[in-house]
Every structure is written in C-alpha cells, then in structure tokens.
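Enquirer: In terms of the UniProt record's numbering, the sequence shown opens at residue 1 and continues consecutively.
Simulated from the structure, these hints should not be mistaken for laboratory data.
Where is the CB? At the ideal position from N, CA and C, for every residue including glycine.
Keep in mind that a hint or two might mislead.
As the list claims (entries may be wrong) - With a straight-line cut-off of 27 Å between C-alpha atoms, the simulated DSS-like cross-links for lysine-lysine are: (1) Lys160 <-> Lys270; (2) Lys160 <-> Lys146; (3) Lys297 <-> Lys153.
Unchecked claim - Simulated DEER-style distance windows between Cβ atoms: (4) Ala266 <-> Glu69: 33 to 43 Å; (5) Ala266 <-> Glu171: 20 to 30 Å; (6) Lys68 <-> Lys125: 31 to 41 Å; (7) Lys68 <-> Gly20: 49 to 59 Å; (8) Gly229 <-> Lys72: 37 to 47 Å; (9) Glu136 <-> Lys72: 45 to 55 Å.
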Amino acid sequence: MEFKSFPVIDMEKLNGDERGATMELINDACENWGFFELVNHGIAHEFMDKVEMLTKEHYRKCMEQRFKEMVKSKGLEAVQSEIDDLDWESTFFVRHLPVSNISEIPDLDEDYRKIMKEFAAQLEKLAEQLLDLLCENLGLEKGYLKKAFYGSKGPTFGTKVSNYPPCPKPELIKGLRAHTDAGGIILLFQDDKVSGLQLLKDGQWIDVPPMRHSIVINLGDQLEVITNGRYKSIMHRVIAQPDGNRMSIASFYNPGSDAVIYPAPALLEKEAANNEKNKLYPKFVFEDYMKLYAGLKFQAKEPRFEAMKAVEPTTLNLGPIATV
Numbered sequence: 001m002e003f004k005s006f007p008v009i010d011m012e013k014l015n016g017d018e019r020g021a022t023m024e025l026i027n028d029a030c031e032n033w034g035f036f037e038l039v040n041h042g043i044a045h046e047f048m049d050k051v052e053m054l055t056k057e058h059y060r061k062c063m064e065q066r067f068k069e070m071v072k073s074k075g076l077e078a079v080q081s082e083i084d085d086l087d088w089e090s091t092f093f094v095r096h097l098p099v100s101n102i103s104e105i106p107d108l109d110e111d112y113r114k115i116m117k118e119f120a121a122q123l124e125k126l127a128e129q130l131l132d133l134l135c136e137n138l139g140l141e142k143g144y145l146k147k148a149f150y151g152s153k154g155p156t157f158g159t160k161v162s163n164y165p166p167c168p169k170p171e172l173i174k175g176l177r178a179h180t181d182a183g184g185i186i187l188l189f190q191d192d193k194v195s196g197l198q199l200l201k202d203g204q205w206i207d208v209p210p211m212r213h214s215i216v217i218n219l220g221d222q223l224e225v226i227t228n229g230r231y232k233s234i235m236h237r238v239i240a241q242p243d244g245n246r247m248s249i250a251s252f253y254n255p256g257s258d259a260v261i262y263p264a265p266a267l268l269e270k271e272a273a274n275n276e277k278n279k280l281y282p283k284f285v286f287e288d289y290m291k292l293y294a295g296l297k298f299q300a301k302e303p304r305f306e307a308m309k310a311v312e313p314t315t316l317n318l319g320p321i322a323t324v
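Whole structure, please, built from the sequences with the hints as guidance.
Expert: Written out as structure tokens, the structure reads:
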C-alpha cells in the first residue's frame, strides 16, 4: 500500500518564502518516517539518465549471466518454501572516502567509472547539505553532524549498486530482507518504473513511491544515536518482483571507522531543561558498532544499542570532536 502523504521535499523551496514550511516537512519526515524523497535536489536530470543507462548496461554485460548461474546452482527457480537467509539481488560496492577504490573494480568501462565518480562527488555534497539542514532543525550548530562523523580520516562514503532481476517466486524470496541501515545518511537513486522498496510504518509495510529523477533519503542508526532517539532509523526491505529489473544505487555517507558516536550534549541539555525523561543512547566507536551489525543486520536494532552499552570502547577519546 502507499500513503498519499509520503514526504516529498522540494529543495528549491528552501530558497524562498516556503523555507520554514519545507524545513518543518523535513523535520516531520525525520521524526515520523525516517525516510523522505527529494526533488529539485540540484543533480541534473540528463546526468541521472546517463548514470541509469550505464548502470543497466553494465548489469546486462557483466552481471546478469553470473546472477543466472548463481540462481541455477542454488536451484532457486524451483524453491517450494520461504527462503530467509538469501537476498534476490545482484550487487557490487564502490568505496569513495576516505580512499576511492573505483579504479580497482573489475569490468567497469572508462565511461561508467568516470560518471560514477562524478555522481559520488555530487551526492557527497548533497549529503553534507542535508546534514546541515538536520542540524538547523535540531538546533545544533552548523557542521555539528559532519564533525561528529569525521573520525581521524574524515567520513566513510561508499555506494552499493544493486539490480533486482525478475524473480520466479517473489512470495518466497525477498529482494532484500528487512533491516535498518547501520550508518549515517543514505541517498538512493532508484528505478522509477519497477517498484519494490518498502518501509515499516505503524506496523504496516508502505511502498516508497518510485519517482523519476528523485533521490530517496533515509536515516541510519548513527543519526538515531546522535539525536538520542528524536530521529529514528526505520526498518525497510525490497520485495522481489515477477517481472522488470529494478535498479538501485544506494550511497552511504557514514562516520569514519574511528569516529566516536554519542548523543549530542546540546540535545541532552534541552531534554533535561524540558524535564524529558528519555533513555540515553550509548557512546561507542563506529567500527565497533559495525562489527556487531555485521552479524545482526536482519534483526531488531534495539538489542544492538543495548549491546553497545556493555562494550568498553577501545579508542574512546572523550575530548571535543576533532574538526580536522
């Protein structure tokens, strides 16, 4: 099902009289949805069309056959019962920050490599712009979230390029099992013809509507921790479809591996001043959280946060956040 009120943010409206109302929409989306869709985000439509064309071409040329062979070798066309430990997706990963590995990814032709590099640079800029809009809504100083993510080598930024091919048994195999994202802020360029992405809201699975040239944003676990639960990461999944190949390019702007993550003191002070008795989220090193997440990705996030309270952070530096 699809909620008509799925939050769609027109970023052009941030430049005029409607800025206040648009900032409110963003805040409401962060507090009540954990997801929103951006239009007029500044990335040229023709450029996005080229990214999509080259991504789909690359899948057909380099990955489709491999995926079919994997399906065959596992006997997945003929499964009779639900499979809960496998995702019906064909993916590859590119790291952009702190050090890019795009030149080492096999099978990428020069055109595609170049355009993915440029796309990542534009998304990185957009991620940082969004983090500052969140700071403004939260009453944090400009740049706070970027600094919180910084670590000693800057943030981690990478892209997961996925294709979800047609599935003969979509009722038995998920495209991608339900999970929350571990990191910071996620920017997704998804297929506008083949749907499949759903989020869990008020106990119901809701479609994230495919919109041409939009960028879907969702919040990861780290923003939930830094905002002490005011903003939340949300369970989402991808439903496999019987026909159509769904493209998904998800870029993850995450803390650096040694960044120390903890609730923003300014927000805790505000809560105390308002006599809000909120539970306190843990303080930890991002890399420690990722080690835990690796084995528990498809489970509820709350036990992960609890487990981090018991972890003695190895490299905790309790001083102010480093800005260089």
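Enquirer: Now tell me if each hint is right for this structure.
Expert: Hint by hint, here is what the structure shows:
no., hint, result
1, Lys160 <-> Lys270, "37 Å, violated"
2, Lys160 <-> Lys146, "21 Å, holds"
3, Lys297 <-> Lys153, "25 Å, holds"
4, Ala266 <-> Glu69: 33 to 43 Å, "53 Å, violated"
5, Ala266 <-> Glu171: 20 to 30 Å, "48 Å, violated"
6, Lys68 <-> Lys125: 31 to 41 Å, "38 Å, holds"
7, Lys68 <-> Gly20: 49 to 59 Å, "52 Å, holds"
8, Gly229 <-> Lys72: 37 to 47 Å, "46 Å, holds"
9, Glu136 <-> Lys72: 45 to 55 Å, "52 Å, holds"
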